[in-house]
Amino acid sequence: MSSYGLGIDAGGTYTDLAIIDFTNDTVIYSTKELTNYDKPHLAISAGLEKIEKEVRSNIMVSSLATTLATNAIIENKGGKAGLVLIGCERVPDEVNFSTSVLTLQGGHTVSGSEKQPLNFSKLKHNIETFSKGIDAIAVVSFFSVRNPDHELKVAKFIEDKTGLTVICGHTFSMKLNFEKRAVTALWNARLIPLIEKLVQSTTKVLRNFNIKGPLMIVKGDGSLMSAKTALERPVETLLSGPAASINGARHISSLNDALVVDMGGTTTDIALIQNSQVKINSDGVTIGNWKTHVRSADIRTIGVGGDSLIWLDRDEGLSVGPLKAEPLCMAAIKDTRVESILQNIKKKIDQTRWSNLNPTTLYLEKPGEERKLLPHSPYSEYLQKLNKNKEIGIAELDKLVNSNSILQCSLTPTDILVALGEMELGSVDAARLGLDIFTTYLEVDINDLWNIVQNVIGNKICIAAVNLLCEDCTAKQAISNLVNYLYVERSQSFKEEHLKAKVDLTFPVIGLGAPAPAFVCQALELFTKQCYLFDDYDTSVAIGAIVGLVKKEAYVKIRFSEQGKYTLHSEKGRKEFSSQKEAVLYGKTILKELIATQMKEENIYDYHYQVDVNNKSFSNNHGNNIIIETDLNAYATSNIKPDSVFNDNNTTSVY
Amino acid sequence: MSGYINQLKEAILEYDEVKANSIAKKSIEEGLNPLDIINDAIRPAMEHIGDRFSSGDVFLPELMLAAQAADVIVSVIEPEIVKQGAKRERVGRVLIATVKNDIHDIGKNIVSLLLKSAGYEVFDIGVDCEGDEILAAAKEHDVDVIGLSALLTTTVSKMKDFLDLLEEDGSRNQFKIIIGGAPVTEEFCKAIGADGYGSDATHAVKLVKKLIGK
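Protein chains in written order, with my numbering: chain A, 1 to 655; chain B, 1 to 214.
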């Protein structure tokens, strides 16, 4: 009997499902449903409806990739959280009114000794007012990764007193940086109510379809965690979708090393697979101005995609993105007057109607409501009302677009693809009209415009790829310059009489996403001929969700103190040893226990385990090797195929 | 006017504090721009003697004598700079300290003096300094570079501790960190992630110049 896994991508415009057959690791089914943002479970239901009952009943495990956390942070939405800062009164800049903050004296020093005694009486005195109306509380203390004592004491007190969920900063990363720790723990607290809703609604849908087995959630590094763990550590789902997409690309391509270029409507994500592993961003995820300690795939996002605005930059010439616009071919479907307006523009290009130097630009009413074309002139009553009865100029229009009050529609790369017959989407006529207007105005022919747009997008992709591949190399700037030069010259190498320089990508490239066939391979053709596009590229996220591994990590640091002692720091606290060897031995024991506990929480007892020992050392003037500190990193992985890992396949619910 | 500049250079290269003092005073009386004295006399002279020290042509006592002569000139012209309200171009600010549990100050003082004579603003906060103390002073004086000195193999670990403190505090990118002292090596510098290691005092000055770009 076959056993199947269900991958769900509940992130964007579409909700994708993919079914993988665990017996031969092939994708046997995939669906795509339009997402209803208010009721995201409906699209999952609709997708499951289309899958045969026979297949559904043999699904043993489901896994979900979600952009929920990323979007919440971008939009600054989430539960109301409390933040207790111990030993550092500096509140991170971005923390706003939705967070109640309490600062306490306390914290530790670099060696883990107490910097100041913990001010418990202030906590006792304030706890009631502080925790009022709060969903969850984050507790962060200075150098808690060297000694978590104060965090643990405060957390226990708050839990006992209020019954609220309390999150300790040191549990997310053993890395230094108090502020990042605070932001990570704070967002984890704020995301809990959101992830609860998502897990509940997804579990309910799966239950309705009699789907057995546990529900997993994809983390930002592409690995999986159970829904139960996700409820405690939702912040780790940051960048879940893009990370799953890289997993998917690896699975579809069977390539162990590749550059993955995933092109969507608004942005393009670029990532690297090395030895079958996604390259990890060691600095932690940054979303907007929020810097976190969350481990994630190293994904470089650039502001170009199929729906990027094409515009004329006075200095740089033709430019694409980072602003996006509604493609004309789609706008024409939403409002039948779009085509006639474009006809009128074509007859006479009216400079006053311009915005962002794209002559095809027109505006639709508020997104989300029923979209109507705004009256022909930007000086309409409707717009004036929006702008508090002041006359509207181009700058005001841009402001209204940026505040999402009106929707800007313009010629985009998607329109060009539709007009040239490379893609089927919406109204071909509207796309052709837009292309006509643009080329007439610029006095170029269609092929020239197409080449320029491809080049501009390609150049941006290449520069981002160089930055990713050559992060720390000293020649980064030189290589970027050379890539730029080769792009402008459309040449594979720079040649002088006795000199030749070229840039070769030694990896193959995988293009994903709907606009990928038109842009990705072409973008990188000067640097590599190995470029692959896959049929399943649309559903790579859903596939990636179900082919990921469960991965756990734990970390221990051993420091040499001037008293000649070795101090071991772990999330369990600190302990002193008289020799480094003893400390390492103990560290290994602790790590094994920490990993076993984490895996047990996922119901996993059989896993691949590895510990790396890194010494930071130097030779002193007498030639003796002196160890300054030792880092022990433990990793454990397990796949989620049934039989091998899950003891109880019949638990659908996480509650 | 250029006569004074040359004479000031000579005073430094001849280790002549008395001459340095009198020429500096005369040149100020004659209306010479004090900033020109720093840029055209002191810096080039100190660079010259620094190079000779590096190549082994002169030794530490000579280097110190030259720096002391330069320091005399600086102390004469500094009030004039303040009086004129001349905005001394910000070449760079350096904080210097010997780490906790280490009371050796000779190396630190030499570096301090040479940096001053090279035109940098130097904040020397002394010996036996706690990390917290160094960080607070660095922030208060808004310095570009922090120089740490240690003479004992047992206290070099404090340098790594200080870098950890900067990481935890989130201010690692605000400062360039340079280290020096008998037990310190280039390998140690790399291992702890400092920005530079000065093998001797003139090297430290060159390092600061390279890191600040001035």
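Treat the hints loosely; a few may be bogus.
Calculated pairs, DSSO-like style, for lysine-lysine (alpha carbon to alpha carbon, straight line, at most 27 Å) [stated by the list, open to error]: (1) A/Lys476 - B/Lys139; (2) A/Lys175 - B/Lys190; (3) A/Lys616 - B/Lys176; (4) A/Lys476 - B/Lys209; (5) B/Lys139 - A/Lys175; (6) B/Lys25 - A/Lys175.
Stretches of chain B that chain A covers, calculated by requiring three or more beta carbons in the stretch to come under 8 Å of a beta carbon on chain A [said to hold, decoys possible]: (7) 55 to 62; (8) 70 to 78.
Computed far set for chain A versus chain B, every beta-carbon distance over 10 Å [unchecked claim]: (9) Thr26; (10) Glu33; (11) Lys347; (12) Thr474; (13) Ser619.
Hints are computed from structural coordinates only; laboratory data are not their basis. Glycine included, every Cβ here is placed at the ideal spot set by N, Cα and C.
May I ask you to check that threonine 474 of chain A keeps its beta-carbon over 10 Å from the closest beta-carbon of chain B? 15 Å, holds
Once the closest CB in chain B is found, is it more than 10 Å from threonine 26 of chain A? 46 Å, holds
Glutamate 33 of chain A: least C-beta distance to chain B exceeds 10 Å? Holds, since 44 Å exceeds 10 Å.
Non-interface claim for serine 619 of chain A versus chain B (Cβ beyond 10 Å): Contrary to the label, serine 619 of chain A does not stay out of reach of chain B, its closest Cβ about 6 Å off (not over 10 Å).
Pair hint outcome, lysine 476 of chain A versus lysine 139 of chain B [Cα-Cα no greater than 27 Å]: 32 Å, violated
Test the statement that lysine 347 of chain A is away from the interface with chain B: the closest C-beta pair must be farther apart than 10 Å. Correct as stated: the minimum Cβ-Cβ distance to chain B is 56 Å, above 10 Å.
Mind checking the alpha carbons of lysine 616 of chain A and lysine 176 of chain B for me, to see if they're no more than 27 Å apart? 21 Å, holds
Given the hinted pair lysine 25 of chain B and lysine 175 of chain A, is their alpha-carbon gap at most 27 Å? The hint is violated at about 55 Å.
Verdict on chain A covering the segment 55 to 62 of chain B, criterion of 3 CB contacts below 8 Å: violated (count 0)
Is it true that the CA of lysine 476 of chain A sits at most 27 Å from the CA of lysine 209 of chain B? 23 Å, holds
27 Å Cα cutoff - pair lysine 175 of chain A, lysine 190 of chain B: Status holds; Cα separation ~19 Å.
Is the Cα-Cα distance between lysine 139 of chain B and lysine 175 of chain A 27 Å or less? Within the cut-off at roughly 23 Å; holds.
The structure shown violates the earlier hints numbered 1, 6, 7, 8 and 13.
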